[in-house]
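Asker: The opening position of the sequence shown corresponds to residue 0 in numbering that gives the first Met the number 0, with each subsequent residue numbered one higher.
These are computed hints drawn from the structure, not numbers from a lab. Errors might be hidden in some of the hints.
To be verified - Distance windows between CB atoms, simulated:
hint : residue 1 : residue 2 : range
1    : S114      : H46       : 19 to 25 Å
2    : A26       : H52       : 31 to 37 Å
3    : S33       : G112      : 24 to 30 Å
4    : P37       : T12       : 35 to 41 Å
5    : C43       : V107      : 24 to 30 Å
6    : S114      : A84       : 16 to 22 Å
7    : L72       : T18       : 28 to 34 Å
8    : S33       : E106      : 28 to 34 Å
Claimed, not checked - Listed next, the in silico DMTMM-like pairs over lysine to aspartate or glutamate satisfying Cα-Cα at most 20 Å (straight line):
hint : residue 1 : residue 2
9    : K96       : E106
10   : K96       : E111
11   : K101      : D69
12   : K101      : D75
13   : K96       : D69
14   : K40       : D75
15   : K40       : D69
Note that beta-carbon positions come from the ideal geometry of N, C-alpha and C, so glycine has one too.
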Amino acid sequence: MELPTPNPPVPATDPTFRTYSSTQAQAYASHRTSYSPPLYKTICDFHAANGGHFGTVVDCGCGPGNATRDLALMFDCALGTDAGAAMIGAARERGGKTRSGKDIRWEVVPAEGLSD
Numbered sequence: 000m001e002l003p004t005p006n007p008p009v010p011a012t013d014p015t016f017r018t019y020s021s022t023q024a025q026a027y028a029s030h031r032t033s034y035s036p037p038l039y040k041t042i043c044d045f046h047a048a049n050g051g052h053f054g055t056v057v058d059c060g061c062g063p064g065n066a067t068r069d070l071a072l073m074f075d076c077a078l079g080t081d082a083g084a085a086m087i088g089a090a091r092e093r094g095g096k097t098r099s100g101k102d103i104r105w106e107v108v109p110a111e112g113l114s115d
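Using the sequences provided together with the hints, build the complete structure.
Answerer: Next up, the structure:
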């Protein structure tokens with residue numbers, strides 16, 4: 000079976016996620032609940048069962064980092080990225096540690112910029 004050729008990436012033109020204010024990012028971070036622990040367990044079990052390692056996790060589009068902080072507890076290093084500077088600002092204010100005790104690294108990088 001031959002797979003179709005994927006379309007080339009389209010540059011992000013919707014400014015929505017890049018233009019949140021600090022106030023909006025803080026409100027989102029405060030009201031965005033965490034995913035359930037069984038969901039994280041399912042993800043990590045699948046990851047391990049398929050040869051995955053727990054050295055580094057990258058959360059692309061992490062917003063204020065709520066899920067990144069939860070996942071970081073299962074990895075030695077963690078990187079959260081988002082196109083929105085205010086969202087990364089909120090993530091940095093809340094901080095977070097990995098299972099090895101390292102600080103989570105937060106960077107303003109759009110998803111399409113990760114391959115550069």
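Asker: Could you work out which of the previously given hints the structure breaks and list their numbers from low to high?
Answerer: 8, 10
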